[in-house]
Structures are given as structure tokens and as C-alpha cells.
Amino acid sequence: MIDRPLTKNIDLSREPFSIKEYEAAGGYQGVHKALKEFTDPKSIVDLVKNAGLKGRGGAGFSTGLKWSFVPMGPDAPRPRYLVCNGDEMEPGTFKDRLLLEGDPHSLIEGMICTAYAIQAEVAYIFLRWGYTLAEQRLSKAIAEAYQAGYLGKSILGTGFNLDLHLHISAGRYICGEETALLNSLEGKRANPRTKPPFPQVSGLFGKPTIVQNVETLCNVHHILVHGVDWYKGLSRCEDGGTKLYGVSGKVKKPGVWELPMGVTVREILEDHAGGMRDGLKLKGFLPGGASTDFLVEEHLDLKMDYATIGKAGSRMGTGTMIILDDQTCPVGMVLNLTRFFAQESCGWCTPCRDGLPWSVKLLEAIEKGEGKPEDLDRLAAQCRFMGPGNTFCALAPGAAEPIQSSLKYFKEDFERHLAEKRCPWRS
Amino acid sequence: MLTVEERQEIEKEIHHYEHKQAACIEAMKIVQRHRGWVSDESIRDIAAMMDMSPTALDSVATFYNLIFRKPVGKHVIMICDSVSCWIMGYENMRDHLCRKLGIQLGETTADGRFTLLPIVCLGTCDHAPAMMIGDTLYRDLTPEKIDTILKQYA
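Taken in order, these protein sequences are the chains called Y and P. For reference, each letter of the first sequence is one residue, going 1 to 427 in this note's numbering. For reference, each letter of the second sequence is one residue, going 1 to 154 in this note's numbering.
None of these hints come from the bench; they were simulated from the model.
List of simulated lysine-lysine pairs, DSSO-like, C-alpha gap at most 30 Å:
#1 K250(Y) / K100(P)
#2 K421(Y) / K250(Y)
#3 K207(Y) / K12(P)
#4 K188(Y) / K12(P)
#5 K207(Y) / K20(P)
#6 K188(Y) / K70(P)
#7 K188(Y) / K20(P)
#8 K250(Y) / K145(P)
#9 K12(P) / K20(Y)
#10 K145(P) / K281(Y)
#11 K281(Y) / K421(Y)
#12 K361(Y) / K70(P)
#13 K36(Y) / K49(Y)
#14 K100(P) / K368(Y)
#15 K8(Y) / K253(Y)
#16 K33(Y) / K232(Y)
#17 K145(P) / K252(Y)
#18 K20(P) / K195(Y)
#19 K253(Y) / K145(P)
#20 K253(Y) / K408(Y)
#21 K153(Y) / K12(P)
#22 K74(P) / K188(Y)
#23 K140(Y) / K12(P)
#24 K70(P) / K151(P)
#25 K20(P) / K153(Y)
#26 K140(Y) / K20(P)
#27 K74(P) / K140(Y)
Because the structure is a prediction, the values reported are computed rather than measured.
For reference, chain Y alone in the conformation it holds in the complex:
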């Protein structure tokens, strides 16, 4: 049995598998099985729910449960849509790129199985602008899949139809938020929408829509082919499957690896990323992208899964860690992160539109040595204003996470900037 379903076909030193090579490696068996053996699509939804697959885009919501909210039956609205969120723009996140460039047919297969489960007839891949190699490779793979009869009318002669279109974004971080992404696909400004209604009920063009991250979709066909027990057995925690974990920053071997869900932070950092570069010490890390709370050395033996990292006061997010070393200024790092979020705020709601630029001003002043002691309390207050429940979407609460946790773990470093009236890390 395979133990690295997501990356087993990936070798970045060559072109990705063509459809023939992909089929020879067992590819598209999931589509055959789904369309021929699962005559009741709802049984796929139950299977994926039982497998414990959780959304890999960052929120970690049960994938099967999400699908079960799509209205089915003869009176349900049509068409239904499936959208793949390939807008990987979370700073420090580079995992979906590997799947998109390395094995595009795997994503297409996962999408066909998912579309069948919710009986969607149109699917889109929403791809970020900068992934030009992925765009070329996906376009080729989609054309091959149409040619082979896996896409289009009456797939495998079953009467199930699916069209798949590739949409290349014009670039904006907020497009990764699923309702903003739907507005963008409709040719509008990518402002998030009010929930409810949830996209499962009223999404793209007001029709039932499922939006899933690239990595999530790449799991689906493997669950269909190999089953729930196999899938759960891949993991070291209650969430099923493997996970793409990544490390960037000043480690010896930055990279991305497919590992059992629930390996420890230490294993990822030391065994796979080779530990810190010589002469540097770990000061802290963002476990899953820019919008997650800092953790520190005492958290190294925690399992990288949604529940464990959540209990420690952060989020596993995308599973791609950003490492802060002791020779990099934590205030400078948080300033860089907050500038990003301030720039990428869509401007729709006040706490985000005003709170983020204000936080940038405070952080700039502190970093330059012009901060006042009360600025730390002001910054903490901004984090509360931008917190969950006060904003339209998760951008501002996410942006507040590295700020609030840096005030918790690196307060002395903020205070040194205030006392020395300069950045101690700048010569």
C-alpha cells in the first residue's frame, strides 16, 4: 500500500506524468470506481466524512461534512459548481505549488470524484497569477483529460457531465477567502460575502458551490480507491491522511515534505529541514503561514495537527512553518507581516481597513526606535478590535495573530526597541 499518496508521482527534475503515465501508475482508478461503483453519490460524501479528511487550506473543516450541506435531489438548484482554490498567496506557503506543478492529473482526478459526489456539472480551478508553470501544465493535463473522456459529456459512458475551466487570478490575497474568491470568479471586486447563506447553498452565481483547497482535493480519489482504514492508518492523530509540511527561513534545508498527519514540529524542523543554520538559534515560528500565532521552543514536541496546535494557542493553518531565528528582529518580522495584511485588506470593513494601517504605523515607530511605552498597549488594543467577531472575514483576525503572540513571547524585544530608541538588530 502506498504511504505518500499526494506526492508518489512527483519528481520535480522531470516533466509531470502525462495522462498515459499517470494511468499506468494507477491514476484515474478513483474516477472509474466513483462513477461505476458508487451509484449513490451520497455514499462518497459519507466515505470522505468517515475518513476524517479535513480542509487543507487552513481552516481544517471536515470535508465530507461540508459536502453534505449541498442541496441534492431533483428539486435542488442547478447547475452546481465545484471550485478548486489554487490561490496560494498566504505568505510562507508553498505546498500547493508542488502538487500543481508536480502532478496536475491528481488534482483533476480529485476534482472529478468530488464533482460527482456533489453532482456538480461545472468546475473551475482558481489559480494564482504567479504560478505560470502550473498554468501550462494544468492546461495540458485538462486537454488530455478531455481527450481521454474523463471530462466533458457522459464521462465513461455514465451520463455524468463535467466541464473544467482554468481561471487565472489577477492577484489579490483576499481571493483566497472562499466567498471573495466567488466574487472574483464572477468578475467582481473580491470582497467577502456575508455568511449565511453559505456557498454550499448559494455560492457561484447564486448556485450551490463547494470550494476546496488543492491539497484537499488531491486526497479524495485515494480515499475512494484505498478506503477509510488505509487513510486513517496513514496518520498519527485523529485527523486522517498525510499532510504537506513545509519549512522556510534560516534552516539548513528549507523545503516541503509529505508526512503522516500529526508528526511533531521537532521532526519536521530537525529531521527534514536539517535544523537551524550553524550559529543561529530558533527564536520562534509561525506554524502554518503568516496568519498564525507564534509558537516557541517549548512547543517543539507538539504534534502538527489541527487540535494540538489549536490547544497551544495557535493554528496549524497551511502547515508551512516560517522560522524566526535569533539574528532576525521579531519586531521587523511582525512589521513585514502586518504591512502585507494592511496592503491586502479589501477595505470592506472598518476594523480591518483602519486597524491594520494603524498597527503598521505603531510597529514602524517601534522598529525605528521612535515608539512610546504606551504603544504596546495600543497595539494590543488594535488586536482586540480586529479579533474574531468584529470583522466581515478572517483576514484581520488572522493578521492580529502574529502581532498578539509576538507581544506575548517577544515583549522584551519590543521593550528593548523602546528603551534603546533603535532596532538592536540593525548595526
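Chain Y is already provided as a structure; the job is to place chain P on it using the hints.
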């Protein structure tokens, strides 16, 4: 006036969506691919084709980072300024590029060859610092490597 080729490419995209207007972002990208940027005249022409007002289309155009509403140089250099690249030396790379090209971020060289823009995370953080020139990604940058790369575009 949109060219016949631009119109045909836009028509093809319109068929991918339930509503015509949904293709407006694709339409602007098509025009930008042909002309380098999207002028006021192009906004009016595309809007007419999409049954939108020019103002409505411009509000979409200005929302997105990569629809250029001003002329850009022959090659657009986009240097990642997000967190992993910042940790790995973004500021030095930016300063080196600015010195080498004699421009600041957001500017175009006098000969019209290069425009230099900051860009958010390019999703290649294990090979930081990184930049793109047009459609091509360059990773693990050093000042020496930047010099070699720029020569290819001379």
C-alpha cells in the same frame, strides 16, 4: 479599438461563465497581454463588450494587483517582499536592483526596458529570496545572480 484577435480571445472566455461580466477580468488580462497595460480607452472598449459601465469595470481593474492601469516597461520585474524573502535578504536584493537599474520601486527605467514592482509572496519560500520577470521565476537570489539574470534581458 480592440483588435479582432483580442475580441476573439475574449469571446472564448465569455463562454466559460454563466454571466458575461464574469469574464471581465480575463478580458483585461487578454488586452494587457497584447498591449502591456490597460488604458482608459481599453477600459471603455472592454466595458462596452461586457455590457458594463466603464466606471464599474475600472473599479474591478483597480482592485487587483496585476492589472496595470499605467504603462509599464518591456519587462516587469516583481520582487517578493513577503516574510520568508524578507528574512532571507529581500532588503539587500531590492537595494541592489534599485542601484543597478537606477530606479525606485514602482518606477520604469528611462529606456523603457524595466519596471520594478514589489509583489506579495510568490509561493517559493524554500528558495527565498525570489523574483519574477514577466512569466519567469528566479529563486535563491544573490546580487551576483541578479546581475547575470539582468544581462539576459539587456
